[in-house]
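A.B. asks: Those protein sequences? They're chains A and B, same order as listed.
Every position in the first sequence, counted from 1, becomes a number in my numbering once 114 is added.
Every position in the second sequence, counted from 1, becomes a number in my numbering once 1 is added.
What the hints contain is simulated information worked out from the structure, not anything from laboratory work.
Beta carbons are placed, not taken as given, at the ideal position from N, Cα and C, and that holds for glycine.
Careful: at least some of the hints might be erroneous.
[Said to hold, decoys possible] Computed spacing ranges between beta-carbons, pair by pair: (1) B:F143 with A:R243: 27 to 33 Å; (2) B:T285 with A:T239: 23 to 29 Å; (3) B:R216 with A:F175: 26 to 32 Å; (4) B:R216 with A:Y195: 45 to 51 Å; (5) B:G94 with A:D158: 53 to 59 Å.
[Said to hold, decoys possible] Derived lysine to any residue pairs resembling SDA-like cross-links, with alpha carbons at most 25 Å apart: (6) A:K187 with A:L401; (7) B:K37 with A:K166; (8) A:K166 with A:M139; (9) B:K37 with A:Y118; (10) B:K81 with A:K166; (11) B:K66 with B:E85; (12) A:K121 with B:K37; (13) B:K81 with A:A300; (14) B:K66 with B:K37; (15) A:K121 with B:E85; (16) B:K37 with A:L248; (17) A:K121 with B:V137; (18) A:K166 with A:I216; (19) B:K37 with A:L123; (20) A:K121 with B:I144; (21) B:K37 with A:I266; (22) A:K166 with A:L135; (23) B:K81 with A:I263; (24) B:K37 with A:V250; (25) A:K187 with A:L123.
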Amino acid sequence: MLIYALKRLGVAVLVMFTVSLISFMLTRVSGDPAIALAGEGASDEEIEFVRKQYGFDRPLFVQYVEWIGRALKGDLGESPYLNQPVTEMIRERIGVTMTLGICALMFAIILAIPLGILAAIRPNTWIDRTALTLSVLGQAMPSFWFGLIMIIFFGVMLRWLPISGSDTPLHFVMPTIALGYYATPAFMRLTRSGMLEVLASDHIRTARAKGLRWGKILFKHALRNAIIPVVALAAVQLGFMLGGSFIIESVFALHGIGYLALVSISRSDLPVVQALVLLLAVIYVVLTFLGDILNAFLDPRIRVR
Amino acid sequence: MTQTENGSQTMDRGLGLEVVFPTPRQIMRRRMLHHKGFLFGAAVVIIIFFMAILAPVLAPNDPYKQDLSLRMIPPIWQEKGTWEYPLGTDNLGRDYLSRLIYGCRISLLIGFACMLIAMFIGTVLGLSAGFFGGRVDMLVSFIITVRLALPAFLVAIAVVALVGGSMQIVILVLGCLIWDRFAVVLKATSQQIRSMDYVAAAKAAGCSVFWIISREILPNALNNLVVVATLEIGRAILLEAAFSFLGMGVQPPIPSWGLMIAEGREFMLFDPYLIVIPGVALFTLVLGMNLLGDGLRDVTAPEGRS
C-alpha cells in the first residue's frame, strides 16, 4: 500500500511540475506580456518600463524559478489591473466555487446512484431504458443553455428561485443543477455496470441461497463493492466541475474563481489567469491522487497493479 | 461450401438442406436497421449535413442582412408572426431561420475540423503507446494525465483571448485540447491488437514497424476510431458553442448557434424564442451525433456494450 501510494505521489508531483511549467508558459508564448500589461496604445518607453518592472527582460528560466518559488510560499504575485495580491483575490472568491462544485457533485451522486441501482436490478425494463434515455438527453444539452432555460422558467415565470448572485442557499439551487446534471450519466452508468457485475457473482448467489433479505444483500453485499469505482470518478468529476464551473458562474453571475478567471482573461490580467490555471490543475491533481489512494484502500486488488 | 452471387456462403450440412450464412456486411446492415438510436442519429446528422451544404438554397433570406425596421418579429407560432420570417427576426432584424440554417455550417465545420486535429494527435500518441509499450507507454500516459489535469477549457479561452478570436484559432485550440479520448481508446485497442497472432506473424515475416502499424493495427482499430470520432464531433460542437456564448470564440456577425444564444440572452425574458431556437438546434445536432456514435459502437461491437 505504501509503495503504491509513493508511486502515485511521485507521478502527482511530476504532473504538478509540468502543469506549472505550462501555466507559466501560457502567458509567454501568446505574445509579449509586457505589451499586454502596458495596455493598448502604450508608448515604447512605457512598454520598456513594464518589462523592467516585472522582470520580463530576464531569462525565462530565472523568471520561472522565481515565480514557482513564490507560488510555493502562497504568493501568486499581484494583479496589475487591481493592484491587489492575487492570493487575496482568490481567497475571497474560492468559497463560492467550492460550494458550487461540492453541491453539484452531491446532486449528481444523489441522483445517479439510486437510478443506477434501479437500472441494474431491473435491466432492460422501462426503468433501465428511461434512465438511459435521460442520460443520453442530458449529455447533449449545453449546460449554459440549460441554465438560461431554468432562469426563464423557475426564475422569471414561476418566480421560485433567485436568478443571480450568491447571497442565500437558494441562489445555489439552479447553478448546482446546471453544473451537476452533466456528470450524472457517468455516475449512473458506472453504478449500473458495477451492480450488474456484482449481482451476477457467486457471493451474491450464496447470500440469496442462505435466505438473506434482498434489501440487505443489495445494500450490504452488492452496493459496497459496486460503489468503489464511483469514489475515484467522484474525485475526477469534482476536478472537472471546478475547472468548468466558470461558464455556469457566468450565466448565474456567481462571483467565484471561474468568474474571476473570465473577467481577468477579458482584461488581460495575466498573473491572475496564470495563478488560476495553476490552482485548478493542482486541485485536480490532489483530488485524483486522493481518489486513487482511497480506491486502493477500499479495493486491495488495485494496489498490486 | 459454395459461394452464392451476393457473396454469402452456403453449406450443405448433410441433411439436404442448404444453410445460408449472411455475410458480415449483411449482418451489419441488419443490425443498423434494427438499432433505433442509430437510425435516429444518422437521420438527424444527415439532415443537418444537407442543410449545411444547401444553406444558400434553403435559407429564405440573407443571414447577414440587417434591417432595424424589422427587428424582433416573433416566430410563426406567436400571434404576430409572419410566414415571411417563420422563426422571426433577431434584435438587428436578421432572419432567424436563415441564420439558423447557416449556423449548421459553422457547427459542423468546427466540429469536424477539431475532430480531425484531435484524431491526428490522439491516434499518434495512442498507437505508439499501445504498440511500443514500456517507456513510450509511460511517457504517453504521463502526457494524457497532464492534459487531463489542465483546466483545458480555461486554458483554451485564455489562449483564444490572447491571440484573438477567429474561427481558425478556435478550431486549432480546441483540436489541440480534446485529443485525450482518442489517445486513451487507441492505446487500449492497439495494446489488444498487438498480442494477436497476425501481428506476431507479420513481425516474424520481417515487416517494418510502419507496415505493421498501418496495415495490421490501424485497420483493425478503425471501428473504435470512427466511434470516438463521432462522439468527439459532438463534444467539439458543444465546446465551440460555449466558447462563442462567452464571446471568446467565433466573432459576430457569423451565425454560430452559441453566439446566437449569447446575442439573444439580453432579450430572453421577453423574447425567449431568441435563445430557445438555437439551443434546440444545438441540442438536436449533438444528440444526433452522440446517438450515431453510440449506435456505431453497438453495431460494430455488440459484445462491448456497457
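A.B. asks: Hey, K121 of chain A versus V137 of chain B, does the alpha-carbon distance stay inside 25 Å?
C.D. replies: Holds: K121 of chain A and V137 of chain B sit about 18 Å apart, inside 25 Å.
A.B. asks: Does the Cβ distance between F143 of chain B and R243 of chain A fall inside 27 to 33 Å?
C.D. replies: violated, 40 Å
A.B. asks: Hint check: K37 of chain B vs K166 of chain A, CA-CA at most 25 Å. Holds or violated?
C.D. replies: Since the Cα atoms of K37 of chain B and K166 of chain A sit roughly 65 Å apart, the hinted pair is violated (cutoff 25 Å).
A.B. asks: For a C-alpha distance cap of 25 Å, please report whether K66 of chain B and E85 of chain B respect it.
C.D. replies: holds, 15 Å
A.B. asks: Is K166 of chain A within 25 Å of L135 of chain A, Cα to Cα?
C.D. replies: Roughly 22 Å between the alpha carbons, so the hint for K166 of chain A and L135 of chain A holds.
A.B. asks: Please work out if K81 of chain B and A300 of chain A have their alpha carbons no farther apart than 25 Å.
C.D. replies: violated, 44 Å
A.B. asks: When you check the alpha-carbon spacing of K166 of chain A and M139 of chain A, does it fall within 25 Å?
C.D. replies: holds, 19 Å
A.B. asks: Verify the CB-CB distance for R216 of chain B and F175 of chain A against the hinted window 26 to 32 Å.
C.D. replies: With Cβ atoms ~45 Å apart, the hint is violated.
A.B. asks: Do the alpha carbons of K37 of chain B and V250 of chain A lie within 25 Å of each other, as the hint requires?
C.D. replies: Holds, at about 13 Å.
A.B. asks: Given the hinted pair K121 of chain A and K37 of chain B, is their alpha-carbon gap at most 25 Å?
C.D. replies: With a Cα-Cα distance of about 46 Å, the restraint between K121 of chain A and K37 of chain B is violated, given a limit of 25 Å.
A.B. asks: Tell me if the beta carbons of G94 of chain B and D158 of chain A are separated by a distance inside 53 to 59 Å.
C.D. replies: With a Cβ separation near 45 Å, G94 of chain B and D158 of chain A fall outside 53 to 59 Å, so the hint is violated.
A.B. asks: Is it true that the CA of K37 of chain B sits at most 25 Å from the CA of L248 of chain A?
C.D. replies: Answer holds: K37 of chain B to L248 of chain A is near 16 Å, not above 25 Å.
Violated hints, in rising order: 1, 3, 4, 5, 7, 9, 10, 12, 13, 14, 15, 18, 19, 21; the structure is consistent with all others.
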